[in-house]
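**Q** Going down the list, the protein sequences come from chains A and B. Heads up: the first sequence at position 56 corresponds to 56 in my numbering, and the numbers run straight through without jumps. Plus 324 on top of the position in the second sequence (first one is 1) and you've got my numbering.
Worth flagging that the hints you see were computed from the coordinates, not collected in a lab. Honestly, I wouldn't trust all of these hints.
Pairs of lysine-lysine residues, derived as DSS-like cross-links and limited to a Cα-Cα distance of at most 27 Å, are as follows [said to hold, decoys possible]: (1) A:LYS245 <-> B:LYS576; (2) A:LYS244 <-> B:LYS585; (3) B:LYS505 <-> A:LYS61; (4) A:LYS266 <-> B:LYS578.
There are 2 protein chains.
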Amino acid sequence: MKLAIDAMSGDLGSPIVVEACQSFAKDHPDVTLRVTGKKEELTELENFNNIEIIDAREVVKMTDSPLGVRRQKESSMVKALMMARKDEVDGVVSCGSTGAYFTGAMLFVKRLEGVERSCLMAVLPTFNGKGTCLLDVGANAENTAEQLRQFAHMGSVYAKEIRGISNPTIRLLNIGAEEHKGNDMHQEAYALLKGDEALNFVGNIEGRDLLEGNCDVIVTDGFSGNIALKSLEGTALGLMKVIKKALLSSTKSKIGALLIKDGLKKELGAFDYKSVGGALMMGFSKAIVKAHGGSDATAFRSAMELAYTMVDHDVVNKMKEGLA
Amino acid sequence: MKLAIDAMSGDLGSPIVVEACQSFAKDHPDVTLRVTGKKEELTELENFNNIEIIDAREVVKMTDSPLGVRRQKESSMVKALMMARKDEVDGVVSCGSTGAYFTGAMLFVKRLEGVERSCLMAVLPTFNGKGTCLLDVGANAENTAEQLRQFAHMGSVYAKEIRGISNPTIRLLNIGAEEHKGNDMHQEAYALLKGDEALNFVGNIEGRDLLEGNCDVIVTDGFSGNIALKSLEGTALGLMKVIKKALLSSTKSKIGALLIKDGLKKELGAFDYKSVGGALMMGFSKAIVKAHGGSDATAFRSAMELAYTMVDHDVVNKMKEGLA
Numbered sequence: 001m002k003l004a005i006d007a008m009s010g011d012l013g014s015p016i017v018v019e020a021c022q023s024f025a026k027d028h029p030d031v032t033l034r035v036t037g038k039k040e041e042l043t044e045l046e047n048f049n050n051i052e053i054i055d056a057r058e059v060v061k062m063t064d065s066p067l068g069v070r071r072q073k074e075s076s077m078v079k080a081l082m083m084a085r086k087d088e089v090d091g092v093v094s095c096g097s098t099g100a101y102f103t104g105a106m107l108f109v110k111r112l113e114g115v116e117r118s119c120l121m122a123v124l125p126t127f128n129g130k131g132t133c134l135l136d137v138g139a140n141a142e143n144t145a146e147q148l149r150q151f152a153h154m155g156s157v158y159a160k161e162i163r164g165i166s167n168p169t170i171r172l173l174n175i176g177a178e179e180h181k182g183n184d185m186h187q188e189a190y191a192l193l194k195g196d197e198a199l200n201f202v203g204n205i206e207g208r209d210l211l212e213g214n215c216d217v218i219v220t221d222g223f224s225g226n227i228a229l230k231s232l233e234g235t236a237l238g239l240m241k242v243i244k245k246a247l248l249s250s251t252k253s254k255i256g257a258l259l260i261k262d263g264l265k266k267e268l269g270a271f272d273y274k275s276v277g278g279a280l281m282m283g284f285s286k287a288i289v290k291a292h293g294g295s296d297a298t299a300f301r302s303a304m305e306l307a308y309t310m311v312d313h314d315v316v317n318k319m320k321e322g323l324a
Numbered sequence: 325m326k327l328a329i330d331a332m333s334g335d336l337g338s339p340i341v342v343e344a345c346q347s348f349a350k351d352h353p354d355v356t357l358r359v360t361g362k363k364e365e366l367t368e369l370e371n372f373n374n375i376e377i378i379d380a381r382e383v384v385k386m387t388d389s390p391l392g393v394r395r396q397k398e399s400s401m402v403k404a405l406m407m408a409r410k411d412e413v414d415g416v417v418s419c420g421s422t423g424a425y426f427t428g429a430m431l432f433v434k435r436l437e438g439v440e441r442s443c444l445m446a447v448l449p450t451f452n453g454k455g456t457c458l459l460d461v462g463a464n465a466e467n468t469a470e471q472l473r474q475f476a477h478m479g480s481v482y483a484k485e486i487r488g489i490s491n492p493t494i495r496l497l498n499i500g501a502e503e504h505k506g507n508d509m510h511q512e513a514y515a516l517l518k519g520d521e522a523l524n525f526v527g528n529i530e531g532r533d534l535l536e537g538n539c540d541v542i543v544t545d546g547f548s549g550n551i552a553l554k555s556l557e558g559t560a561l562g563l564m565k566v567i568k569k570a571l572l573s574s575t576k577s578k579i580g581a582l583l584i585k586d587g588l589k590k591e592l593g594a595f596d597y598k599s600v601g602g603a604l605m606m607g608f609s610k611a612i613v614k615a616h617g618g619s620d621a622t623a624f625r626s627a628m629e630l631a632y633t634m635v636d637h638d639v640v641n642k643m644k645e646g647l648a
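Bound conformation, chain A alone (with noise of 0.2 Å):
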């Protein structure tokens, strides 16, 4: 297995890059790693057999224009996706913009066949736990109901071999749970993906459900997607914000603080609303991965892992499979 590291684009650079391909080079002697970054930066590297640098110049910057990518054909994105372009690689692991790398993956990697539109992939926190698949969260700005019934098997597939789920539940989101709800698209859409029998579709599901993990996947145009994963994270972000202040604003509400702290962290570690926002990148001929642009060493080895099971469990094609 190949795997092209882009190791610059992140916000913290390519200090916690390098840090996780040196533990995952040691953990995975069967994987070979092609990473791309400014050479010097990445000495640490250059004693591994299974690592290969391959130098760029030039870092697609997190305010960079997503469309500029077209002309940044010297970064370290670019050239870590053009490798799965051109066959070398299995799959390609970036924490950069996700704009760019979603409008350079589609610039640069083949479409799945059999796929019309790919499509950005969000695993939701959930409050049981369980987390939950919401597709798309904006790489479209509108989607057909066959797109949509594309979309359910892709996640459908990914919480299958990914998350281990053995006949994944999938939702439409819509404005209620009658059939009939929506415009047309939502209702063409309810019936394809009632009468595909490789689904297991249960239904439409309500914005006010989203984090409730009663499904497994949730596919919606990426309009709506968009609007649903950012209401929440605003929502979640700005809510735990004012607790926070909450909790500061005096001595008493301090010692109040820390008397809470273990049961708070208990109760929320489930629901870990700050990693909502990352996204997958679904529907292209090769694992595409995107790191949180403020990732750490470990959450970019995670994201590496999760490359690796994507190769490893052949996602890509299985998703082509339960297309045809």
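Let chain A serve as the given structure and place chain B on it in line with the hints.
**A** This is chain B only, laid out in the frame that chain A set:
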């Protein structure tokens, strides 16, 4: 001024409405209240000169299908709406099912001249305490750009007349800040809103900023608005539930909870997450006000005051001017 009051359709039945009507009637001797409901439950209102009791034997239940309201002609809700239809009152207040009430208004109350689609508006509490109006939150499964422009006018008049904001800022819910974001409808809506000199349009807003309180009115189609509202409502309520559970999880945390109570109350006071969920009916030729289903007498009285202010400020006709 005359207001129709549906006394029966809330979760807590007629007693809370009777109490609210008594106090309202005393404070507003100039207003005639036409109260619909089972007359034997409204005997305490008999002695008021400015209250008329209209016997209604049926009650629209929270669990009834919204479309059922077509056949519930003898219900307190429909009888109240019919008075609006016949110009016998200037406004209507009910705490019944939002779906049934809106459907009833659609069927029985005239749409405001020039309005293509009536809609539901929610006043969201924001972290900075200012609050913001979001419309449509679910009356329509889809909308045109022109309809969004009309929503902006209605929201703007509401913000000005009822919330006392002199030049309300307006934003379009979208998946990014740039003008070209979203699908054709959103791009057209952006152009219409920007080109309308009567509107103080200040650009797009993303889901994550909905509760930041950095604008007064947010317009969107009914599908996206419903998804946004319910996503943030579900997240806020779910998160508060988890936190409450944590606070009660041990003796230590219970003591901590007592110590943080005041600070928490103060900080969260600005953001009353419980009040998300109610909605106003916009685009009708009368003031149609919906109190929360679970309203107590104080909440119902507030809804009556809102209807009073809407009629007093001639909000409905001012909306008409804005649309011309």
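**Q** With reference to the structure, classify each hint as holding or not holding.
**A** Structure-based check of all given hints:
1. Note on A:LYS245 and B:LYS576: the hinted pairing holds, with a Cα-Cα distance of about 21 Å set against a maximum of 27 Å.
2. Among the hinted pairs, A:LYS244 with B:LYS585 is consistent with the structure: their alpha-carbon atoms are about 13 Å apart, no more than 27 Å.
3. About 21 Å separates the Cα atoms of B:LYS505 and A:LYS61, which keeps this hinted pair within 27 Å; it holds.
4. For the proposed pair A:LYS266 and B:LYS578, the alpha carbon gap of about 15 Å is at most 27 Å, so the pair holds.
Consistency note: the structure conflicts with none of the earlier hints.
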